[in-house]
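Numbering (our numbering), first residue to last: 20 to 272.
Any given hint might turn out to be false.
Heads up, simulated SDA-like pairs for lysine to any residue below, C-alpha to C-alpha not over 20 Å straight-line [what the hints assert, rightly or not]:
1. K244 - H182
2. K90 - L55
3. K244 - G177
4. K90 - L70
5. K90 - N39
6. K90 - S69
7. K90 - P74
8. K244 - T176
Just so you know, the hints here were simulated from the structure itself, not pulled from any lab data.
No experiment lies behind these values; they were computed from the predicted model shown.
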Amino acid sequence: MLDQWTLLLRNVGEWYGSFNTYDSGLQLKRRQPSILTLEPAASGVPVNLSLLFWPDNPSPAENPYGGEPVKQIRQSFYQPDQQLTFFPTGSFCRGSLQLAPFIRFYAEFCFLLGDRRHRQVLLWDGSGRFDHPVLISEMRAGSQAGQLPPLQPELLTGCWQGHEAVITAESGTSDMQESACSLRLTLSDLTTLRCLPDGGGFIAPSPVTQRSGFSVEAWWLASPKHLERLIRHYNDSGSLLASHQQVLQKLVA
Numbered sequence: 020m021l022d023q024w025t026l027l028l029r030n031v032g033e034w035y036g037s038f039n040t041y042d043s044g045l046q047l048k049r050r051q052p053s054i055l056t057l058e059p060a061a062s063g064v065p066v067n068l069s070l071l072f073w074p075d076n077p078s079p080a081e082n083p084y085g086g087e088p089v090k091q092i093r094q095s096f097y098q099p100d101q102q103l104t105f106f107p108t109g110s111f112c113r114g115s116l117q118l119a120p121f122i123r124f125y126a127e128f129c130f131l132l133g134d135r136r137h138r139q140v141l142l143w144d145g146s147g148r149f150d151h152p153v154l155i156s157e158m159r160a161g162s163q164a165g166q167l168p169p170l171q172p173e174l175l176t177g178c179w180q181g182h183e184a185v186i187t188a189e190s191g192t193s194d195m196q197e198s199a200c201s202l203r204l205t206l207s208d209l210t211t212l213r214c215l216p217d218g219g220g221f222i223a224p225s226p227v228t229q230r231s232g233f234s235v236e237a238w239w240l241a242s243p244k245h246l247e248r249l250i251r252h253y254n255d256s257g258s259l260l261a262s263h264q265q266v267l268q269k270l271v272a
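Model the full structure from these sequences, guided by the hints.
Structure (structure tokens):
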């Protein structure tokens, strides 16, 4: 099993994308171009993060990265961030560890495959009702990767087979459990799945409460036969139980 630092390094690079904010009805409200750079120092430590933002809602005819950035965020990692849980592919998730009254609950998911990253940030309000998602589609600098079409539930139906990894909150990232898995999906299984551009989808229970356990899921159909799911499981007191990845290939009938 690879350690969390090694898995973080799979995300090294310069990533061009945009932060796309949607309302609760999945109507696009804001698009802000971004460039995220993750680069280790010459000695290997720290890994430095730079996130640059350009003006909102550029027109299709203009270069979204023209001119000076309007906002910059910089951060250095000397060890794996304890809030981040990395999986064998370099995909990761993080979010609220405990649901609490009047505190906004959130979950963030990042899928990594080749020269593409697909990120989702899911946000709830202080009463536990789902508020809105933010979609960040990123391509590695110099690649020809483009954004994928919006997800359609019909593309998910059928039989899938692959592997999964589970990291429990109690055991921590040092005890990742990996095994084979399979999944059979019908349209009736997908009624709570909400679809996004770039092959994304999510399941966001609303409201989330401390009276019953729940799971928050992000899906990414990176190609017609490659599906990845990232899931955060919570118990009936609102505490994080486990983080879960499934990487699946579609079986041809």
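### Query
Of the hints given before, which are not true for this structure?
The structure breaks none of the hints.
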